[in-house]
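Protein sequences appear in the order of chains E, Y, R and Z. The numbering used here numbers the first residue of the first sequence as 1 and each following residue consecutively. The numbering used here numbers the first residue of the second sequence as 238 and each following residue consecutively. The numbering used here numbers the first residue of the third sequence as 995 and each following residue consecutively. The numbering used here numbers the first residue of the fourth sequence as 1076 and each following residue consecutively.
If you are wondering where the hints come from, they were derived from the structure by calculation, not from laboratory data. Hints are not guaranteed to be accurate.
[As the list claims (entries may be wrong)] Calculated lysine-lysine pairs in the DSSO-like style (CA-CA distance at most 27 Å, straight line):
#1 Z:K1115 / R:K1058
#2 Z:K1085 / Y:K419
#3 R:K1053 / Z:K1079
#4 Z:K1079 / R:K998
#5 Z:K1139 / Y:K383
#6 Z:K1134 / R:K998
#7 Y:K454 / R:K1034
#8 Z:K1085 / R:K1034
#9 R:K998 / Z:K1085
#10 Y:K433 / E:K23
#11 R:K1058 / Z:K1079
#12 Z:K1077 / R:K998
[What the hints assert, rightly or not] Here are the in silico distance ranges between beta carbons for each label pair:
#13 E:N173 / R:Q1020: 30 to 36 Å
#14 Y:N600 / Z:T1144: 39 to 45 Å
#15 E:P67 / R:A1014: 37 to 43 Å
#16 Y:Q601 / E:P67: 41 to 47 Å
Backbone N, C-alpha and C fix where the C-beta goes; we use that ideal spot for every residue, glycine too.
So the chains spell out like this:
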Amino acid sequence: MNIGIVVFPGSNCDRDCGYVLSKVLGQTAQFIWHQERSVKGMDAIILPGGFSYGDYLRTGAIARFSPIMDAIVEFAGRGGMVLGICNGFQMLLELGILPGAMLRNRDLSFICEEHYIRVENVNTPFTNHCEPGQILKLPIAHAEGNYYTNPVTLSSLQANAQIVFRYCDREGNVTSQANPNGSLDNIAGIRNAAGNVLGLMPHPERGAERLLNNEDGIYIFRSMISALEAHKLLQPV
Amino acid sequence: MTQESKVLPQGPPTSKVIEQHGLSEDEYQQILKHLGREPNLTELGIFSVMWSEHCSYKSSRIHLKRFPTEGERVVQGPGENAGAVDIGEGLAAVFKMESHNHPSYIEPFQGAATGVGGILRDIFTMGARPIALLNSLRFGELDLPKSRHILKGVVSGISSYGNCMGVPTVGGEITFNDIYSKNPLVNVFCLGIVKKDRLLRGLAKGTGNQVLYIGAKTGRDGIHGATMASDSFDDASDKKRPNVQVGDPFLEKLLLEACLEFLEQDLLVGIQDMGAAGLTSSSCEMASRAGTGVDLDLAKVPRRESHMTPYEILLSESQERMLLVAQPGKEESVLAICRKWGIDAAVVGQVTDDGFLRIREGNQIVAEIPAHALAEEGPRYERPAAPPSYQEFLQSLNIDMLPDVKNPADVLLKLLASPTIASKRWVFRQYDHMVGTNTVVCPGSDSAVVRIKGTTKALAMTTDGNSRYCLLNPYLGGGLAVAEAARNLVCAGAQPIGVTDCLNFGNPERPDIMWQFIMAVEGIADACRAFQIPVVSGNVSFYNETNGLSIYPTPILGMVGLIERPEDITTQWFKQAGDHICLLGETKEDLGGTEYLKVIHSREQGNPPWLDVDREKALYTCMLTLIQKGLIQSAHDCSEGGLLVTLAECCLTNPSELFGATVILNQDRLRLDALLFGESPSRVVVSVKSEHVKQVKELVQELGVPSTELGQVTQGNMDITVRGAHDLPVSQLSLSLSEMSDQWHHALARQLEAEAS
Amino acid sequence: MKAKIYITLKNGILDPQGRAIQQSLQALGFDSVGEVRIGKFIEVDLCETDATSGETTIKAMCEKLLANTVIEEYEYEILET
Amino acid sequence: MKAKIYITLKNGILDPQGRAIQQSLQALGFDSVGEVRIGKFIEVDLCETDATSGETTIKAMCEKLLANTVIEEYEYEILET
Ligand SMILES: Nc1ncnc2c1ncn2[C@@H]1O[C@H](COP(=O)(O)OP(=O)(O)O)[C@@H](O)[C@H]1O
Ligand SMILES: [Mg+2]
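Assemble the whole structure, with the sequences as input and the hints as a guide.
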C-alpha cells in the first residue's frame, strides 16, 4: 500500500512511522511536505507526532492551516483513511474533523511512558486485527493529551462507538488511576462518525519491533493494511 | 595595507575598561603586540571573549594535553565542534558534552534548555543526525525549596527542548549535595551518527568563498555570556539587560533538518554553530583552523533589535544561529533550502587569504584582528597548584570510631529513599526517551542502548562521575569515574570506544582548585590510557563558586560503547526466578566516601576505594566474554550504596515485574556495613540460568576474576543472610518487594512534591 | 493600532494549571487566594487606522487561530497608538 | 476582590511563540499584522476587602511565584467585586 506521511515543520515522528511502514511492514511510505496541495495516489494518510510549529500557541493549531490540509480534509470526506498520532490527533481536533480539544495533562508535565489501552471497538479499519476488549501496551509521549469535549458530544461519542481506545490497567479495568493525563472518560483515541478517521495519543509506531520490546502497535498498522486491501478488492480500479 | 588605517578608532581603552573586560595588564600587552596598535572598544570586546577562560582554556589547556586522544577508531579528536569515532560500516559516532551551569542557576528552565540547544548544534554542525541526549545534573539537597525549584526548572527545560527536537533523552545521572545548592551543574551530552566520509568540520576554506549566516536574528541577549562563565563580570551599563538567553527549539529543529539537507547535497565547505561569543568565535575559529581570514559585513547580519552596535552584534549570544561557508557556486542552493524551512539566511562575508578577521559595517572597518591570534594564541597559564590544607582532614577517617550497622534492613530502606540512589523516573518520564524508535534500553539500566538503523549494531552510552571521591582524592576520583563509566558499558554488552568529558571545578586562580583539577585530569588520563579509551572531545567549566565556596571537583565522563550484535544487549534487572546470582569481583573494606557514610553517619570523609586497573580490565574482558557467549541473563555494576543496593535494584528495575532474591553472604572478617554497603569498585552482580552456572564459573576462573555465588532469584522477598565464623548467621534480613519498591520508586516524587510553607 | 487579546478557558472547563498555581500560592502562605484561572495574553501590532476594520480583523484572528472556541473564549481591547 | 494579572516577556527577550504566531497570521492573509508578543493572563480571586493590602498581596504573589522576574515583567489590575 502507498501510505502518505505528512511532514510539518517540527514533525518528529514522521521518519519513525516511515520506518515501520516500509522496513517492518514492507509497504510504500511516502513523505508529503506540508506545502504540497495534493494527496493523489495515496491509499491512506498519516499525520505523525511531533511538535508542529513548536506547538506554540496550542498543539496542532498552526499546522491545521498548512496548504496540504485542504487536500486531506477532502480525502477524508471521500472516505479516505486518515490516522492522526499524538500531534496528528491534536491537528485533527483543531481541524474539527474529530470533535473535542486537548488540555494540558492533569499533572502539567510531559509524560513518556508505556500505558495500557483497551480496544473498545474492533469494527474500524484501524482495529480489525484486534479482539474485542484486547489490551494493548503502547508508549505515550505528550504534554497535552487530556481530552475534553462537552457532555453532549461525549454521549454521542459513547453512543456511536466512536471511542476506540481507553486507558486501562494491566487487567483492562478503565479506572482513574490508569488514566495518565486526566483525559475525559479515559479516552486515548476516537474515530469520526464515518469511521475512516482515527486520532490517538499513544504511538503505535514505537511499538512495532521485538528489538524495542513492543510489538502491540503492529495491530493497528496491520488492521489498516487489511482494510485497504479489502477495499481495493471491492473496488478494482 | 591602506585598509588598516581605516579601522574605526573609538579611542584607546582606559585601564578601567580593560579591567572590566576581564583582561590583565599582561594580556593587554599581548593584544598590543598582535595588533601593532591600540585596540578599539569593539576589538577589545572581541579579545576579551575569545581570551576568556571559557573560550581559550587558558588555565586548562596545557593539562588537557595529558589525555590520550588517539586510537584506531578515532576519526576526529578534540579541537572541533565534537569528536568522532569509527563504528564500522562507514559510519562514525559524533559526540560531546557541555556544561550550562551558570545560566541554569540564574534561570533554570532557559539555562538548561539552551544548554541542550547548544550541544545539539555541536553535533549536527558535524553533519551528524543527533540520536541521543544524556545529562548529568548536580543539585543541592531537596529539603531546600530553592533546590527543588532549580531541579524542576532544569528538568522541564531539558524536556521541552529535547522533546521538541525529536532527539530522545536516553539517560544521565543526578546526585544531590548541599555543595551544589548555589552552583547547580547541568552537563549535557549528545551523540549523532554520520557517514564517515561526510563528516563536516568548522573550516573556512577557499579564498573568495561566501560566508553565510543562518538561523535566528541577532538580539542583545547574552552579551558576555562567555565572560560571565569565566568570571563574575558585570558591566554596569548592561545591568538592566537580563543576561539570559531564551531558546527556540522549533527553530533549531528546522536548522537541524536544513543542515542535514546541505550535507546530503554536499553544499558546504565548513560550518560552525554560534555558541559562546557568537559570531566572533565562530568566524575566527573557522578561519584559524583553515589558515585563512574572514571578512564580514555586519550590515548584512539579520537583527532582532534596532540600533545595535558592532560590539553588541559581534558578542551577542542569541541562540539557534550558525555560520557556514558554502562551496563555490552553491550559495543559492543553500539559500533555497533555508527558504524551504522558513529560516532567515544571509550572505554576510567571504573567506580571504590574509589571515585577518575583518569586520565591516557597510564601507567602514570596525575591527581587524589576526584570526589565529584570537583563536589559538590566547594566553596559556600554568597556574600554581597545591593540595588544600584541609585535604588531610578529609582523608582521615578512623572507621573504628563508627559503630557497625545494627539494622541493615533499615539502612537499606533509607539508602533506597535517598534521592541520589532513588529511582529517577520522576525526571526521565518527562523526557521523550523513545522518539526515533532506536532506544533499545530506556533510562533505568546501567547504560542506555540505542540501535543504529540500517546495521545490526547498537551503541551504549553512560555519563558518570563521583564528586565526593574527587574531593577526597581527585586522582583516584578521576580514575574511578572512568572505570565506572566503562563498567556500565560492558554490563550492557558494549566495548568502550571513546569518551568525552565535562570538567566542572571552582576558581582556577586558587592553588587548591588548580591542584584538584590537575590531579583529576591525571587520574582520568591514566585510566583512559590503561583501558585504551581515547578522549575525543570535552569541555571545562571553571569558576563554579559562590561567595568563596567552590563546588566539589566534579569531572563528568560521557562514554560510548559499541555492541556488534543485538543479542548481546544486556540489562541490569533480574529476568527469571530460579536464576543464579553471582558476584564478580571482590568486596573489601571500602567505606571511605560512600553514600552510606553520608546518609547514615553524615560524613563525607575517608579515602575512596583504590582502583586496581588490571583487575578492572580483567573484569571487562570477562563480562564481554560471558555476554558474547550468551551466558548472562543480567549484569549490574556495584556503585553508590554498595552490594545491597545493587541487589535491590536488580530486584526492582525490571519494567514488567518485580523479583525477589535469596542470598547468603559470608562476612569474611569484613565489617558488616563494609560488606553490605561498601563501594569497592570492579564488582558486578550477574544472574545466570542454572544450566549455565558451571560454564560461567569455569570461564570466570580462567579469566582470573574472583567470583562468589550469592544465591537465587525468587518470586518472594529479598532475603539476605550473612554468615560469620563457622557459618553462623550474624545477620538476617527479609524485605518485602513492595516496601522496597515504594521507597525506591516514589522517594524523589515525594520530596519534590512536598510543598514549602 | 495595537490590540490586547485575552484568552481564557471557558467556564466549567477544569483548568489544571490554574489549580496547580492556586495550590502553590496557598502553600506559600497566601491564605486569601481563591480560584485562579490562567489564560493567554496576546499583544498584536496592526498597521490599520480604522477602528471598525481593526476590530473586524482582530475578531477574525481570534476565531480563526488565536482561540480554540471549543474550550476557550476571548476578549480584546483596541488601543490607538 | 479579584485581580487580573498580565505577565509579558521583558523587552529584548526573544519571544519564539510570538514570532511563530505572527508568521502564521501573515500566512493566513492578515497582512496588517506587525509584531506579536505572547504572555500570560492570570485571574485570581482574593477574599480580601482592603484595596491596599490586596495590592500588597498581588505584588508579592507576582514576585514570588507568578512572574519569572529574570525574563518577565508584570502588570495588574484590581477589581472590587
Ligand atoms: N576537557 C576536555 N577534554 C578534551 N577536549 C576538550 C576538553 N575541553 C575542551 N575540549 C575540546 O576543546 C575544543 C573546544 O571546546 P569548547 O570551547 O567547549 O567548544 P565550544 O566552542 O563548542 O564551546 C573542543 O573540541 C573540545 O572537544
Ligand atoms: Mg561548539
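Quiz item: Of the numbered hints stated previously, which ones are contradicted by the structure, given in increasing order?
Solution: none
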